[in-house]
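Number of protein chains: 2
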Amino acid sequence: MKTRVYVTLKNGVLDPQGKAIHHALEGLGFSGVNDVRAGKFIELDLAPGVSESDVEAMCRKLLANTVIENFRIEQDQAA
Amino acid sequence: MKTRVYVTLKNGVLDPQGKAIHHALEGLGFSGVNDVRAGKFIELDLAPGVSESDVEAMCRKLLANTVIENFRIEQDQAA
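As you go down the protein sequences, you meet chains X and F in turn.
5 is the number that full-length UniProt numbering gives to position 5 of the first sequence; each next residue is one higher, with no gaps.
13 is the number that full-length UniProt numbering gives to position 13 of the second sequence; each next residue is one higher, with no gaps.
It should be emphasised that the hints constitute simulated quantities derived from the structure, not laboratory data.
Don't take every hint at face value.
Restricting the straight-line Cα-Cα distance to at most 30 Å, the calculated cross-link-like pairs of lysine-lysine (BS3-like) are [as the list claims (entries may be wrong)]:
{"hint": "1", "chain 1": "F", "residue 1": "K40", "chain 2": "X", "residue 2": "K40"}
{"hint": "2", "chain 1": "X", "residue 1": "K61", "chain 2": "F", "residue 2": "K19"}
{"hint": "3", "chain 1": "X", "residue 1": "K61", "chain 2": "X", "residue 2": "K10"}
{"hint": "4", "chain 1": "X", "residue 1": "K40", "chain 2": "F", "residue 2": "K19"}
{"hint": "5", "chain 1": "X", "residue 1": "K10", "chain 2": "F", "residue 2": "K2"}
{"hint": "6", "chain 1": "F", "residue 1": "K61", "chain 2": "X", "residue 2": "K61"}
{"hint": "7", "chain 1": "X", "residue 1": "K19", "chain 2": "F", "residue 2": "K10"}
{"hint": "8", "chain 1": "X", "residue 1": "K2", "chain 2": "X", "residue 2": "K61"}
{"hint": "9", "chain 1": "X", "residue 1": "K2", "chain 2": "F", "residue 2": "K19"}
{"hint": "10", "chain 1": "F", "residue 1": "K61", "chain 2": "X", "residue 2": "K19"}
{"hint": "11", "chain 1": "X", "residue 1": "K40", "chain 2": "F", "residue 2": "K2"}
{"hint": "12", "chain 1": "F", "residue 1": "K10", "chain 2": "F", "residue 2": "K40"}
{"hint": "13", "chain 1": "X", "residue 1": "K10", "chain 2": "F", "residue 2": "K61"}
{"hint": "14", "chain 1": "F", "residue 1": "K10", "chain 2": "X", "residue 2": "K2"}
{"hint": "15", "chain 1": "X", "residue 1": "K19", "chain 2": "F", "residue 2": "K40"}
{"hint": "16", "chain 1": "X", "residue 1": "K40", "chain 2": "F", "residue 2": "K61"}
{"hint": "17", "chain 1": "F", "residue 1": "K40", "chain 2": "X", "residue 2": "K61"}
{"hint": "18", "chain 1": "X", "residue 1": "K19", "chain 2": "F", "residue 2": "K2"}
{"hint": "19", "chain 1": "X", "residue 1": "K2", "chain 2": "F", "residue 2": "K40"}
{"hint": "20", "chain 1": "X", "residue 1": "K2", "chain 2": "X", "residue 2": "K40"}
Note that the structure is a prediction, hence the values are computed from the model and not measured.
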């Protein structure tokens, strides 16, 4: 079973990586970009029987820093 | 308009970051994880009039290394 975890910085937390991407896009001549926020995307291939609460525990303990980051869990039912 | 870009390593490309996360999860006592793949998630706040083909150009030129990475663009129609 595939489970996807999206980790994003909370609003109000400075995002230097996003700023750098924004600046680089402008340098390449792309206009019309107001803001860029960078995050992480982690795909877990889980054995059957691993519940969403287990994944949430993984996020809280390792995958996300919940002081400055939010996370979102998306389970792929098909696979 | 918010546009989300997901950048993932292609299948077959070694993923040391994912391996490290997998190892750390096992070290924390989480069992049932078969595999972990790490990727990037970039949220762009675009001005109206920036088309999906523009975003694709940004991905090809800057956001993704298309030799080893795939990207997926998701446009948020609501915002």
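Structure-based check of all given hints:
1. Between the alpha carbons of K40 (chain F) and K40 (chain X) the distance comes to roughly 5 Å, so the proposed pair stays at or under 30 Å and holds.
2. With a CA separation close to 17 Å, the supplied pair K61 (chain X) and K19 (chain F) stays within the 30 Å bound.
3. For the given pair, K61 (chain X) sits about 17 Å from K10 (chain X) by alpha-carbon distance, which is consistent with the 30 Å threshold.
4. At roughly 15 Å between alpha-carbon atoms, K40 (chain X) and K19 (chain F) fall within 30 Å of each other, so this suggested pair holds.
5. Taking the CA atoms of K10 (chain X) and K2 (chain F), the gap is about 16 Å. The hint holds against a cut of 30 Å.
6. Of the pairs offered as hints, the one joining K61 (chain F) and K61 (chain X) is violated, with about 35 Å between alpha carbons and a cut-off of 30 Å exceeded.
7. Taking the CA atoms of K19 (chain X) and K10 (chain F), the gap is near 26 Å; set against the 30 Å cutoff, the hint holds.
8. Restraint check: the Cα-Cα separation between K2 (chain X) and K61 (chain X) comes to about 20 Å, which is no more than 30 Å; the hinted pair holds.
9. Between K2 (chain X) and K19 (chain F) the CA atoms are separated by roughly 16 Å; this keeps the pair inside 30 Å, and the hint holds.
10. A threshold of 30 Å between alpha carbons decides the hint, and for K61 (chain F) with K19 (chain X) the separation of about 17 Å falls inside it, so the pair holds.
11. For the suggested pair K40 (chain X) and K2 (chain F), the alpha carbons sit about 17 Å apart, so the restraint of at most 30 Å is met.
12. Proximity of K10 (chain F) to K40 (chain F) is assessed by CA-CA distance (about 13 Å); at most 30 Å being required, the pair is judged to hold.
13. Between K10 (chain X) and K61 (chain F) the CA atoms are separated by roughly 27 Å; this keeps the pair inside 30 Å, and the hint holds.
14. For a cut-off of 30 Å, the pair hint linking K10 (chain F) to K2 (chain X) stands: about 16 Å separates their Cα positions.
15. Straight-line distance between C-alpha atoms of K19 (chain X) and K40 (chain F) comes to about 15 Å, which keeps the hinted pair within the 30 Å bound.
16. Pair hint K40 (chain X) plus K61 (chain F) holds up; C-alpha atoms about 20 Å apart against a cutoff of 30 Å.
17. In summary, the hint linking K40 (chain F) to K61 (chain X) is supported, as the alpha carbons are separated by about 20 Å, within the 30 Å threshold.
18. Under the criterion of a C-alpha separation no larger than 30 Å, the hint pairing K19 (chain X) with K2 (chain F) is consistent with the structure, at around 16 Å.
19. Proposed proximity of K2 (chain X) and K40 (chain F) is supported: the alpha carbons are some 17 Å apart, at most 30 Å.
20. A threshold of 30 Å between alpha carbons decides the hint, and for K2 (chain X) with K40 (chain X) the separation of about 16 Å falls inside it, so the pair holds.
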